[in-house]
Amino acid sequence: MTASVPRQDSQKNNGLSAKFFHKLASGVPGVLFTYCLSADGSQHWFPYISNRVEALFGLDPESLRRDAEGVFARIHPDDLVGLEESVAQSAADLTPWCYRARLKMLDGSYQWYEAHSRPERQEDGSTIWYGQYTNIQHYKSLEQSLRESEEEASYQAQFQKLMARFSADFIHLGFGTIDECIDKLLAGIGGFFEVDRAYVYAFTDGYTHMTNTHEWCADGVPSLLESQQKVDIRNFTWWQEQIRHMANQDAVVFVEDTRALPPEALAELGLLEEQGVRAMICAPILVRGQVMGFFGVDSVRVRSWRADQSELMFIVSGLLSGALERNRLEEDLVNQSVRDPLTGLYNRRYLMPRLHEMLAASRRHGERFCLAMFDIDHFKQVNDSLGHLAGDVILKRFTTLLLAHTRANDLVSRYGGEEFLLVFNEVAADQEGSVVTRILEAVRGEYFRFKDDQARITVSAGVVCLSEFQGARVTPEILIREADKRLYQAKEGGRDCLVDAGGLSRP
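Count the sequence shown with the UniProt record's numbering and you get residues 1 to 507, in order.
Keep in mind the hints are simulated off the structure, nothing from the lab. Backbone N, C-alpha and C fix where the C-beta goes; we use that ideal spot for every residue, glycine too. Among the hints, a few may not be true.
Stated by the list, open to error - Cross-link-like lysine-lysine pairs, in silico, DSS-like; alpha carbons within 25 Å at most:
| id | residue 1 | residue 2 |
| --- | --- | --- |
| 1 | Lys396 | Lys491 |
| 2 | Lys451 | Lys380 |
| 3 | Lys451 | Lys396 |
| 4 | Lys184 | Lys230 |
Unchecked claim - Have a look at the derived ranges for each label pair, beta carbon to beta carbon:
| id | residue 1 | residue 2 | range |
| --- | --- | --- | --- |
| 5 | Arg407 | Leu225 | 21 to 27 Å |
| 6 | Arg328 | Gln144 | 45 to 51 Å |
| 7 | Thr95 | Lys140 | 40 to 46 Å |
| 8 | Ser310 | Leu225 | 24 to 30 Å |
| 9 | Ser310 | Lys140 | 30 to 36 Å |
| 10 | Arg407 | Asn248 | 39 to 45 Å |
| 11 | Asn425 | Leu225 | 37 to 43 Å |
| 12 | Leu266 | Lys104 | 21 to 27 Å |
| 13 | Leu504 | Lys380 | 21 to 27 Å |
| 14 | Ala251 | His116 | 51 to 57 Å |
| 15 | Glu151 | Met352 | 56 to 62 Å |
| 16 | Glu419 | Tyr447 | 20 to 26 Å |
| 17 | Tyr447 | Leu403 | 17 to 23 Å |
| 18 | Met352 | Asp205 | 33 to 39 Å |
Required output: the full structure, derived from the provided sequences and hints.
Following this line, the structure appears as C-alpha cells:
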C-alpha cells in the first residue's frame, strides 16, 4: 500500500506547479492558450491564456477566461470569417487547428500571427484546444519583399522584352512605315503601363503650337487626336516652363493629380479637365539634339507613378527619338534624290512615276487632270546681263509664285533649266486657262530683285488636258511632248502668253 501525500503538501506542490507554469509561459515568445468552444457553439472562452495578451493587445487575461470575444475583435475583418470557419471545421473532425491571421496590436497596427493547437472533445460535448500563437510578421514581411522582388524582376524583364521587340521593328523599319510602327509601340506601352492614353506630340519652331501626331486609347476612352491639332500654347505659362525643363535638363513632367497643379497652370488645367485627364507623365523626344516633341501617357484617374517611371519613359522616348531621327535622315536622302536642290521642287525623277500613277488612276476611275509647261522668257539674257546668281534668284522667286497660285494636291516640278511643269488635279478643260493666266499675270507684275539690280520678266506656257485625247491610250511622254509643242507655239506667238487646245491667248 502506497503512502498518501498529505493534502497540505499536495496544495503546496500544486501552487508551486502553477507558479512555475506561469513563469515558463512568460518566457515563451508567443501566447500559450487553452480555448474552449461550447457544444452548441454559442459560447467560447479561454480557460487559460498567458499574460502576454495584455502587453501585446491590451487585453485582460481574466476577462478572456470568461469570454474570448476580446481576441476575436482584434482579428482583421478580412481574416475573421476564414478563421471562424477553420475553428468550426477543426471542432467537427477534431483535426489539429492551424491558421494565420492579422491581429490589431496595442499601437493600432496589424501584425501577422500563426496559431497551432490540438483539439480535444469534452464529456459535455464542448471542444477545447491546447496550443499557442506566435508573431510571424517578420516572415510575412520577408515573404512580401521576396514576392515584390520577383514581381519587379518579372516587370523589368517584360519591359525589356517589349523594348527589344519594338527596337527590332524600328531597326528593320521600311521607308514610309514609321507611323504604323509608332502606333504599335504606343499600343504596347499603353497596355503595359496600364494607362488610358499614350501619344506623341510635335512642337512647332519656338514652341508656339503643338500637334498630336500619334495616339493610342484604351477601350472606352475617347480619342483626342482630332481636337489636338495645332494647339496654341503661347499662353500656357506653366507648360512653357515644363517644355524648357524638358529641353534644357532632359527632364520628364510628372502630374499625379491635375487638381494639384499650381495657380499659373489655370489655362492648362482647363484643357486637361475638358479632356478628362487626371494624371499624366511626359518625356521629351529629341531629333538632332533638339526637342521636337514629347511622348506621354494619360490616366483619367488620379494615380501614383512608379519611382523609376522616369527611367522607363526615357527608354521609350529614346527609342522614338532614334527612330524619328533615322526616318528624317532617310526622308532627307529621298528628297535629295527627287527634289531640285535650288528650288526645292520635285524633279523629273519624281515627276515621271507620278504621271504614270495619275494616268493609271484615270483609266480606273475616270479622273482627269491638265498639264502646263512654263518657260521663263529670255532667261539666257538675264543670266548674261546679271549673272547666274541673279538667275538663281529669279528661278527661286518664280517657284514661290507658282506655289502661291497652286493647291496642295497639285504637282509642281522643275523639268529642267528654266522650264517648269504644273499638273492640276480636278480642273476642267475650260478652267485650266484661268489658272495659268493668273500665274502669267503674277509674274508680269513682279519685280525680281538681286542686290542693287531688279528685272521684270515674263513666262510663256503650253497647256494640255487629258480629256482632249478622248479615251486614246496616253503616256506621260505624249502629254509632255504636246505641252512642249504648245509652249513653243506660245514663244513663236510673241511670248508672255499661253497656248492650249483653243489656241493662243494673252492675259
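Can you confirm whether the C-alpha distance between Lys184 and Lys230 stays at or below 25 Å?
Roughly 24 Å between the alpha carbons, so the hint for Lys184 and Lys230 holds.
Consistency of beta-carbon spacing, Lys140 to Ser310, with hint 30 to 36 Å:
Hint holds: Cβ distance 31 Å, inside 30 to 36 Å.
If I claimed the Cβ atoms of Arg328 and Gln144 lie 45 to 51 Å apart, would that claim hold in this structure?
Given a distance of about 48 Å, which is inside 45 to 51 Å, the answer is holds.
Decide if the proposed pair is consistent with the structure: Lys451 and Lys396, CA atoms, cutoff 25 Å inclusive.
holds, 15 Å
So does Ala251 sit 51 to 57 Å from His116, Cβ to Cβ?
holds, 55 Å
Are Arg407 and Asn248 spaced within 39 to 45 Å by their CB atoms?
holds, 41 Å
For the hint 21 to 27 Å, verify it against the beta carbon of Arg407 and that of Leu225.
holds, 25 Å
That 56 to 62 Å hint for Glu151 and Met352 (C-beta), does it hold up?
Between Glu151 and Met352, where Cβ atoms are some 60 Å apart, the hint holds.
Could one say that the CB atoms of Tyr447 and Leu403 fall in the range 17 to 23 Å?
holds, 19 Å
Restraint status (C-alpha distance of Lys451 to Lys380 at most 25 Å):
holds, 19 Å
Verdict for Met352, Asp205 (Cβ pair) under range 33 to 39 Å
With Cβ atoms ~34 Å apart, the hint holds.
Assuming the hint says 21 to 27 Å, is it satisfied by the Cβ distance from Leu504 to Lys380 or not?
Cβ of Leu504 to Cβ of Lys380: about 23 Å, so the range 21 to 27 Å holds.
Violated hints for the displayed structure, listed by number in ascending order: 7, 11 and 12.
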